[in-house]
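Asks: Protein chains in written order, with the working numbering: chain A, 1 to 154; chain B, 1 to 154; chain C, 1 to 154; chain D, 1 to 154.
No lab work stands behind these hints, which were simulated from the structure alone. Each residue gets a CB set at the ideal place from its N, CA and C atoms; glycine is no exception. Warning: the hint list may mix true and false statements.
Capping the alpha-carbon separation at 25 Å, the derived lysine to any residue pairs in SDA-like fashion look like this [to be verified]:
hint	chain 1	residue 1	chain 2	residue 2
1	A	LYS82	C	ASP57
2	B	LYS127	A	SER52
3	A	LYS127	B	GLN65
4	B	LYS113	B	GLU38
5	C	LYS137	C	LYS113
6	A	LYS82	D	GLU108
7	B	LYS95	B	ASN139
Non-contacting residues of chain D with respect to chain B, defined by C-beta distances greater than 10 Å in every case (computed) [claimed, not checked]:
hint	residue
8	GLY19
9	ALA23
10	VAL26
11	VAL67
12	ILE119
13	GLU143
There are 4 protein chains.
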Amino acid sequence: MTLRNAEDWLVLKRITRFGDTDAAGVIHFYNLFRWCHEAWEESLEKYGLYASDVFPDLWSGLDDQIVLPIIHCEADFRKPIKVGDHLEVKILPEKINISTFQVRTEFECEGEKVALGLIRHLAINSKTRNRCNLPDKINFWIEASSLGQGPRPL
Amino acid sequence: MTLRNAEDWLVLKRITRFGDTDAAGVIHFYNLFRWCHEAWEESLEKYGLYASDVFPDLWSGLDDQIVLPIIHCEADFRKPIKVGDHLEVKILPEKINISTFQVRTEFECEGEKVALGLIRHLAINSKTRNRCNLPDKINFWIEASSLGQGPRPL
Amino acid sequence: MTLRNAEDWLVLKRITRFGDTDAAGVIHFYNLFRWCHEAWEESLEKYGLYASDVFPDLWSGLDDQIVLPIIHCEADFRKPIKVGDHLEVKILPEKINISTFQVRTEFECEGEKVALGLIRHLAINSKTRNRCNLPDKINFWIEASSLGQGPRPL
Amino acid sequence: MTLRNAEDWLVLKRITRFGDTDAAGVIHFYNLFRWCHEAWEESLEKYGLYASDVFPDLWSGLDDQIVLPIIHCEADFRKPIKVGDHLEVKILPEKINISTFQVRTEFECEGEKVALGLIRHLAINSKTRNRCNLPDKINFWIEASSLGQGPRPL
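Just chain A, with the same shape it has in the complex:
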């Protein structure tokens, strides 16, 4: 894997679409979590991982797969987000322990923070459903995200 500018895979773009809104004329709240999860997937991909590295393919059998269920998530909404808004999406991954990590996602519009999301994942074995170590590829992605930002607790 070649060294990349973190901006490429940790700072993304998103434009609010009409279907993201509700009858109050602004984003319907839980769509923010869809954005967070899709931003995470886009980040992994731009970093160099494949969906098949991270997401279970139940069609190919369950032996020895690691799955990463979400155990907690939260969001704060600071400003109304409207259709057509151009958002900057910053991804802030953090390892919590050997089997748990979380991704904080900050959404900015015209330089102002409009919303924050956080999603926490636990690694489990798809067969036993016991907790296990995070996949190496996720560890690498988390570690790479902290380079250039000074040391972070791992």
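Based on the hints, put chains B, C and D in the right spot on chain A.
Replies: Below, chains B, C and D alone, put in the same frame as chain A:
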């Protein structure tokens, strides 16, 4: 299975929720398909089938499971549907051939048709992905739906 | 409004549908927030309020409407939730201050807590977008929810 | 508006995300309509229109706004679409009459058509809710889409 009044499992209720709407103040269109599919699931359940009779459980392995992917769907929207609207949901199943069936769903509000949806399913074997006969339980549900309505082509 | 058994409007039912799941075979996480919000709407309705009492109708003009944007939400996921699961949904409203309230929602399956959601709303004036007092009807609903449970801080 | 290569705004990219799938391991069907609508919005934007040119802003009042409700939609699913699939998305707009247009959307993966969607819109006046002429900007976008493809019936 005891004989049931078809009204119980072919005519359902639904109330439009705030998250179903978009910034135009009415239902965002594709949520109608979620309603159609959920109404189908509710109908199967009220008729006496379990989700595990109809939906694949990939966790339990793939051998000899029949899956029912959707090959076509369509909808017509006649009147705006707003938050809080109480809808009557009529399910009209129809067998097309030995491996295909469709479910038409009519939505009425205060006696007026407001929208129509249609979802067409094909039965395939989960392992080979070749088309196969519809599961017996789906056939029974389709046939039962036509009782009391005069003969229908099967 | 007649006195009602709180069980009727604070303890609801929900069945997981196929469209709620993802390729890991369990509920896709943010659908829990849709369930929380819909459960809140169902509770208001069973208590005796109309959607038009609570949700903005932008088509009728904006003057003096109170809107209740969500400022924070979070969820914990404890057990996998699968298609067909019959869930008991407990609504726990709480007033935080004169312009803010939150609704905690507990999901149980076969007597076990499987997930928890929380949604916090702020009351604002739809025209000025300044914070304002909660609507009386929401206050009544919150107060009624605490009856029979001993005193709660309001 | 400068002349643009139609490829830029009529042929788009999309990658299937995990939240688009269901427990059968493939895209949950109605998400295709979300993709179609978002592709339409992206096309308008890349062509040079703003969301505010096309979507109603109820907060700014309803006088003389044109809204474009969907009156019909349909989709065909030909191949399973899985998480991580890179799709090419072709937009094919068509004017039906002075107040109606539709957008056909073709999805290809590795050179094969995997799905087709179609969404039909009617132009109405937001206040009277009577049908009206399509907005000029939508007409221009539709006409521009046919340039370089030989004459099309308008």
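Asks: Indicate, hint by hint, whether the structure satisfies it.
Replies: Structure-based check of each hint:
no.: 1; hint: A:LYS82 <-> C:ASP57; in the structure: holds, 17 Å
no.: 2; hint: B:LYS127 <-> A:SER52; in the structure: holds, 20 Å
no.: 3; hint: A:LYS127 <-> B:GLN65; in the structure: holds, 20 Å
no.: 4; hint: B:LYS113 <-> B:GLU38; in the structure: holds, 19 Å
no.: 5; hint: C:LYS137 <-> C:LYS113; in the structure: violated, 30 Å
no.: 6; hint: A:LYS82 <-> D:GLU108; in the structure: violated, 31 Å
no.: 7; hint: B:LYS95 <-> B:ASN139; in the structure: holds, 8 Å
no.: 8; hint: GLY19; in the structure: holds, 14 Å
no.: 9; hint: ALA23; in the structure: violated, 7 Å
no.: 10; hint: VAL26; in the structure: violated, 7 Å
no.: 11; hint: VAL67; in the structure: violated, 6 Å
no.: 12; hint: ILE119; in the structure: violated, 8 Å
no.: 13; hint: GLU143; in the structure: holds, 25 Å
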